[in-house]
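A.B. asks: Could you build all of it, start to finish, from the sequences and the hints given here?
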Amino acid sequence: MEQKLIVSPSPHVHSGDTIPKNMYAVLIALIPAFLVALYTFRLDALLITALSVLFCVGFEYLIVRFVMKKEPSILDGSAIITGVLLAFNVPSGLPIWILALGALFAIGVVKLTFGGLGNNIFNPAIAGRIFLLISFPAQMTNWPSTAMAVETTDAVSSATVLGLLKQAPEALPNLQQMFLGLEPGSLGEMSAAALLLGLVYLLCKRVITWHIPVSILVTVALFTGILFLIDPLPQYNPLIHLFSGGLMLGAIFMATDYVTSPLTKKGMIIFGAGIGFVTVAIRLWGAYPEGISFAILLMNAFTPLINTYTTPKRFGEAVKHG
Amino acid sequence: MSVILTAVATLGAIGAGSAGILYLVSQKFKVEEDPRIQEVQDTLPAANCGGCGFPGCAAFAAACVNADSLEGLNCPVGGEVTMDRVAAILGQTATKAAKKIAVVRCSGTCEERPRLNQYDGVSNCSIAAALYGGDTGCSFGCLGLGDCEESCTFDAIHINPLTLLPEVVEDKCTACGACVRACPKDIIELRKQGPKSRRIYVSCVNKDKGAVAKKACNVACIGCSKCQQACPFEAITIENNLAYIDDDKCRLCRKCVVVCPTHSILELHFPPRKETPPAAKEEEAIANA
Amino acid sequence: MLKSFRIGGIHPKENKLSAGMAIQSIALPAQVVIPLSQHIGAPCQPIVKKGDKVKVGTLIGKSVGFVSAQIHSSVSGTVLKIDKAMDASGYKRDAVFINVEEDIWEEQIDRSEALVTECNLSAKEILEKIAAAGIVGMGGATFPTHVKLTPPPGMKAEVLIINGVECEPYLTSDHQLMMEKSDEILVGITLVMKALNVQRAIVGIENNKKDAVALFTKKVKAYPGIEVQPLKVQYPQGGEKQLIDALTGRQVPSGALPISVGAVVQNVGTLFAIYEAVQKNKPLIERVVTVTGKEVQRPCNLRARIGTPLTTLIDAAGGIPESTGKVISGGPMMGKALASIDIPVAKGTSGILIVPTLEAKRKAMKDCIRCGKCVQVCPMGLNPTLLMNLTEYEVWDRAEKNAITDCIECGSCSYTCPADRPLLDYIRLGKGKVNGIIRARKN
Numbered sequence: 000m001e002q003k004l005i006v007s008p009s010p011h012v013h014s015g016d017t018i019p020k021n022m023y024a025v026l027i028a029l030i031p032a033f034l035v036a037l038y039t040f041r042l043d044a045l046l047i048t049a050l051s052v053l054f055c056v057g058f059e060y061l062i063v064r065f066v067m068k069k070e071p072s073i074l075d076g077s078a079i080i081t082g083v084l085l086a087f088n089v090p091s092g093l094p095i096w097i098l099a100l101g102a103l104f105a106i107g108v109v110k111l112t113f114g115g116l117g118n119n120i121f122n123p124a125i126a127g128r129i130f131l132l133i134s135f136p137a138q139m140t141n142w143p144s145t146a147m148a149v150e151t152t153d154a155v156s157s158a159t160v161l162g163l164l165k166q167a168p169e170a171l172p173n174l175q176q177m178f179l180g181l182e183p184g185s186l187g188e189m190s191a192a193a194l195l196l197g198l199v200y201l202l203c204k205r206v207i208t209w210h211i212p213v214s215i216l217v218t219v220a221l222f223t224g225i226l227f228l229i230d231p232l233p234q235y236n237p238l239i240h241l242f243s244g245g246l247m248l249g250a251i252f253m254a255t256d257y258v259t260s261p262l263t264k265k266g267m268i269i270f271g272a273g274i275g276f277v278t279v280a281i282r283l284w285g286a287y288p289e290g291i292s293f294a295i296l297l298m299n300a301f302t303p304l305i306n307t308y309t310t311p312k313r314f315g316e317a318v319k320h321g
Numbered sequence: 000m001s002v003i004l005t006a007v008a009t010l011g012a013i014g015a016g017s018a019g020i021l022y023l024v025s026q027k028f029k030v031e032e033d034p035r036i037q038e039v040q041d042t043l044p045a046a047n048c049g050g051c052g053f054p055g056c057a058a059f060a061a062a063c064v065n066a067d068s069l070e071g072l073n074c075p076v077g078g079e080v081t082m083d084r085v086a087a088i089l090g091q092t093a094t095k096a097a098k099k100i101a102v103v104r105c106s107g108t109c110e111e112r113p114r115l116n117q118y119d120g121v122s123n124c125s126i127a128a129a130l131y132g133g134d135t136g137c138s139f140g141c142l143g144l145g146d147c148e149e150s151c152t153f154d155a156i157h158i159n160p161l162t163l164l165p166e167v168v169e170d171k172c173t174a175c176g177a178c179v180r181a182c183p184k185d186i187i188e189l190r191k192q193g194p195k196s197r198r199i200y201v202s203c204v205n206k207d208k209g210a211v212a213k214k215a216c217n218v219a220c221i222g223c224s225k226c227q228q229a230c231p232f233e234a235i236t237i238e239n240n241l242a243y244i245d246d247d248k249c250r251l252c253r254k255c256v257v258v259c260p261t262h263s264i265l266e267l268h269f270p271p272r273k274e275t276p277p278a279a280k281e282e283e284a285i286a287n288a
Numbered sequence: 000m001l002k003s004f005r006i007g008g009i010h011p012k013e014n015k016l017s018a019g020m021a022i023q024s025i026a027l028p029a030q031v032v033i034p035l036s037q038h039i040g041a042p043c044q045p046i047v048k049k050g051d052k053v054k055v056g057t058l059i060g061k062s063v064g065f066v067s068a069q070i071h072s073s074v075s076g077t078v079l080k081i082d083k084a085m086d087a088s089g090y091k092r093d094a095v096f097i098n099v100e101e102d103i104w105e106e107q108i109d110r111s112e113a114l115v116t117e118c119n120l121s122a123k124e125i126l127e128k129i130a131a132a133g134i135v136g137m138g139g140a141t142f143p144t145h146v147k148l149t150p151p152p153g154m155k156a157e158v159l160i161i162n163g164v165e166c167e168p169y170l171t172s173d174h175q176l177m178m179e180k181s182d183e184i185l186v187g188i189t190l191v192m193k194a195l196n197v198q199r200a201i202v203g204i205e206n207n208k209k210d211a212v213a214l215f216t217k218k219v220k221a222y223p224g225i226e227v228q229p230l231k232v233q234y235p236q237g238g239e240k241q242l243i244d245a246l247t248g249r250q251v252p253s254g255a256l257p258i259s260v261g262a263v264v265q266n267v268g269t270l271f272a273i274y275e276a277v278q279k280n281k282p283l284i285e286r287v288v289t290v291t292g293k294e295v296q297r298p299c300n301l302r303a304r305i306g307t308p309l310t311t312l313i314d315a316a317g318g319i320p321e322s323t324g325k326v327i328s329g330g331p332m333m334g335k336a337l338a339s340i341d342i343p344v345a346k347g348t349s350g351i352l353i354v355p356t357l358e359a360k361r362k363a364m365k366d367c368i369r370c371g372k373c374v375q376v377c378p379m380g381l382n383p384t385l386l387m388n389l390t391e392y393e394v395w396d397r398a399e400k401n402a403i404t405d406c407i408e409c410g411s412c413s414y415t416c417p418a419d420r421p422l423l424d425y426i427r428l429g430k431g432k433v434n435g436i437i438r439a440r441k442n
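Chains as they are written, first to last, in numbering that gives the first Met the number 0: chain A, 0 to 321; chain B, 0 to 288; chain C, 0 to 442.
It is possible that part of the hints are untrue.
[What the hints assert, rightly or not] Among chain C residues calculated to face chain A with C-beta under 7 angstroms, some are:
| id | residue |
| --- | --- |
| 1 | 96 |
| 2 | 251 |
| 3 | 325 |
| 4 | 331 |
| 5 | 336 |
| 6 | 359 |
| 7 | 364 |
| 8 | 367 |
| 9 | 368 |
| 10 | 369 |
| 11 | 371 |
| 12 | 382 |
| 13 | 415 |
| 14 | 424 |
[What the hints assert, rightly or not] The list that follows gives simulated cross-link-like pairs (lysine-lysine, BS3-like), each with its CA atoms no further than 25 angstroms apart:
| id | chain 1 | residue 1 | chain 2 | residue 2 |
| --- | --- | --- | --- | --- |
| 15 | C | 49 | A | 312 |
| 16 | C | 49 | B | 208 |
| 17 | A | 312 | C | 432 |
[As the list claims (entries may be wrong)] Here are some of the chain B residues that sit facing chain C, going by a computed Cβ distance under 10 angstroms:
| id | residue |
| --- | --- |
| 18 | 3 |
| 19 | 30 |
| 20 | 117 |
| 21 | 118 |
| 22 | 121 |
| 23 | 134 |
Source of the hints: derived by calculation from the structure; they are not laboratory data. Virtual Cβ for every residue (Gly too), placed ideally from N, Cα, C.
C.D. replies: Given below as structure tokens:
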């Protein structure tokens, strides 16, 4: 034994879990949704996703290196996820410069001004999407018809399911199509089935727990379900709400972002219920057809408060004598 | 036109109403406070360092105003000037306190005190001290992880990356005592700054027996009591194999510095001796560096 | 479904390399260094001086104060000196150095292997014998056993819980002891049941020791009142509060002792020592130590006299490997990294774990990503990331409110953290500070 002994406090072993491992697991979970997007939008999907990732990673590298003057850690995968999620949240035909602007806002303003991964208050991809939606409403809601639709009709752009709910509920497509993802919409929010597959993967890998996605979906289903029971209009149909728009994408991949969601299980359920409630409220009574992004953003702001007021269930608190 | 008038009138009314409510509320919840507290607080340095023993300048100001005399109350940061001003406001006399400064009582540099193991925990002295005696053979000496640097609000103490020991920036040190409280090994002490910043102190806190201390560190105090015998003023005491110089009794004659076999007694800011013994030269060099 | 505790928990790789290795006694060393502080509580006063002749079992350190434990010579020979010596605490503390000469034991010690089941002593006499033998918690906590077996006034024990969990990875000393000394341990249990006047005892064994579960299930039939319960392999199953929860469904409230829910927990090693003390008049002078590590040539379980240098034990396991980066006294989760291997075996030394350099270094800490995994795994239901921040910023009142003092220092949080944050380092520091503040407030 040549060298000096190393001394450090216990524990002396580590699980081997790392930030990149968790991030890459999320990316793997996004693959099914990406394949659906690829199938529906063909090369557009690939182009938008690849460029979005490139922009996000590039901006992160440049800003960290030259503005913050620190060693960039782009390989931790968080910027890649932001890129993919941003791409999944925009229509496939979005002009590239708008996409770049969205990436710059997401990474530069929402993530790095707060200190980078771990310190941001809002989910960068969500904030980027909302920034684009407010700044470029026309381009952001120009939904190209899906590739399949193009073959049969000549339409170049069409309304999303949620748009139809607001404007023309009688023209709604059937649920099966919505579940599989054959209706117009943003890149990655197409297929609820593919996204649910991702959820199963994340749960199996223990990257996330069930609390946030399930509480969001249950709240949405309950809220619209009650309304539907009172007045069975198609715009109250809980199944349509569950399988349309960005709800699945938001509930599974955006709301569960570690940094901007609460720490405790109790907090996660409050957080999820809040998102579900606000989403439905915006969808039904707001100006925008879709509300999940706003709902997540709003609840992100409440996360520190939720963290302060929800403590984990302590040992010895509940049970005295069994 | 009438629209504009209505708007102006309405807003004006709301404004006036709110002002009225605010006034009433502020009157209702007004806290009576001795106005001198604010006055005293304004003369204080507002460093909120806690060096006076109170949690912040406001608390110290209140204590000064409420106390019958200023005895025992001293703002180490503001020093005499500030305390005189406080005394003037309160119509009392300030008690003079000798200006003090932080000294680091460890000279165990990397060469003098070889490292025996590698510490691989958080860079925090308290955590390391709770874990073990440190990465050298001396379990009393400086760990070099910078709790003192962290605690200093005046940017006056820094770990020298070469020696891994803290060094006090004398111009900036206000003797607030934050580093003294932060050090888990009680190495830092507030001592009289002395005339022309001249001071002499034992730069070691090792209580091991001489041989053990010496084995761990070349410049450790070995408790040999030579300094005690050399001191004409009985300023030096030896307890637990460790010498200590009482700065109230020390007359800065420097006899102890010369006799110390391990050079663990340091002298600062003295002019060079006429016939300097070769041993003391290095000390001179370190002290002047 | 196997029983387990209800909050948090992790499952580190078990790595029980020395499992099934029979306990070997090692040769007497030339010199032993017996620390005078091998327990929680006040250090002992030495009652021998330089040149004194001692036998195996001679009292050399007298306990002072209530929470303290006697210390006996583990060898026969001459006292060389009483001096400071480095021990597992990482500090130099008083110890008795004894030069070993022959192997003469005190007459009253029964050295035969024969099992003695009969015991006519009263509860008080049993406790006195335990105190006289200097027995402490052998699981590593080293709390004086006679103190633990004396419930505070007004409290009554209802059930004795025997900790045969050994949930620390690598360690196998308790497992091997259970396999080889099951009858002695069971007699020890009956003695403690008598001392506490309880009618029920439950032996909890983690289910990765199926042979021990089977053996005890078979043997307890002869001992009324004793049950065996296999437990889920989950860390920290052997934590006192966790084990009580798993076995009885009772949760010890925050800040309270196990006796508040009528439970007393004893480790199997301690029970063996109690058997020897009460039935064989043998003080605690030796213990079983696992010497293990991935690069260690012969991972093994050794019976060593207290005071034997660690180097002697490591040599018996094939010497210290070239690749060594860290040596741990105890297991990898709660054990203490040693600054030097020139220290003696003490009453609390359950194992020596030698870690290669490659696995010894910590990774650089990253910013918290607030994944909440530490919250999920904390077996006490705390919020480790919050407690670390509160300690860093010295917000002691909030740390106290968030129950920092409940932390059992199991290390599950630091183990799990994907950002390699030293959560426990800070929490331990904060816990100490807050405990100090609470004590100061009481005075």
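A.B. asks: None of the hints should be skipped; say for each whether it holds.
C.D. replies: Taking the hints in turn, this is what the structure says about them:
Among the interface hints, the one on residue 96 of chain C is violated; its C-beta lies about 23 angstroms from the nearest C-beta in chain A, farther than the 7 angstroms criterion. About 6 angstroms separates the beta-carbon of residue 251 of chain C from the nearest beta-carbon of chain A, less than 7 angstroms, and the hint is met. About 5 angstroms separates the beta-carbon of residue 325 of chain C from the nearest beta-carbon of chain A, less than 7 angstroms, and the hint is met. Restraint check, residue 331 of chain C versus chain A: the minimum CB separation of about 4 angstroms is within 7 angstroms; hint holds.
A hinted interface residue such as residue 336 of chain C counts as satisfied when its beta carbon comes closer than 7 angstroms to some beta carbon of chain A; here the least separation is about 5 angstroms, so the hint holds. With a cut of 7 angstroms, the hint placing residue 359 of chain C at the interface with chain A holds, because the nearest CB-to-CB distance is about 5 angstroms. Evaluation of the residue 364 of chain C hint against chain A yields a violated restraint, the C-beta minimum of about 11 angstroms exceeding 7 angstroms. Because the closest C-beta pair between residue 367 of chain C and chain A is about 5 angstroms apart, less than 7 angstroms, the hint holds.
Annotation: residue 368 of chain C was flagged as interfacial toward chain A, and the flag holds, the nearest CB pair being 5 angstroms apart, inside 7 angstroms. Hint on residue 369 of chain C holds. Least Cβ distance to chain A is approximately 5 angstroms, under the 7 angstroms limit. Look at residue 371 of chain C: its Cβ gets to within about 4 angstroms of chain A, closer than 7 angstroms, so that hint holds up. A cut of 7 angstroms between beta carbons decides the hint on residue 382 of chain C: the least distance to chain A is about 6 angstroms, and the hint holds.
Taken as an interface hint, residue 415 of chain C checks out: its beta carbon lies about 5 angstroms from the nearest beta carbon of chain A, inside 7 angstroms. Annotation: residue 424 of chain C was flagged as interfacial toward chain A, and the flag holds, the nearest CB pair being 5 angstroms apart, inside 7 angstroms. The straight-line distance between the Cα atoms of residue 49 of chain C and residue 312 of chain A is roughly 56 angstroms, outside the 25 angstroms bound, and the hint therefore fails. The hinted pair formed by residue 49 of chain C and residue 208 of chain B meets the criterion: a straight-line CA distance of about 18 angstroms does not exceed 25 angstroms.
At most 25 angstroms may separate the alpha-carbon atoms for a hinted pair to count; residue 312 of chain A and residue 432 of chain C meet this at roughly 24 angstroms. For residue 3 of chain B, the suggested interface contact is broken, since its CB lies about 52 angstroms from the closest CB of chain C, more than 10 angstroms. Look at residue 30 of chain B: its Cβ only gets to about 24 angstroms from chain C, farther than 10 angstroms, so that hint breaks. Residue-level restraint check for residue 117 of chain B holds (minimum Cβ-Cβ distance to chain C is 9 angstroms; threshold 10 angstroms).
Evaluation of the residue 118 of chain B hint against chain C yields a held restraint, the C-beta minimum of about 9 angstroms falling below 10 angstroms. For the restraint placing residue 121 of chain B at the interface with chain C, the shortest Cβ-Cβ distance is roughly 5 angstroms, inside the 10 angstroms limit, so the hint holds. At about 7 angstroms, the closest approach between the beta carbon of residue 134 of chain B and any beta carbon in chain C falls short of 10 angstroms, and the interface hint on this residue holds.
In the structure shown, a violation is registered for the earlier hints numbered 1, 7, 15, 18 and 19, in ascending order.
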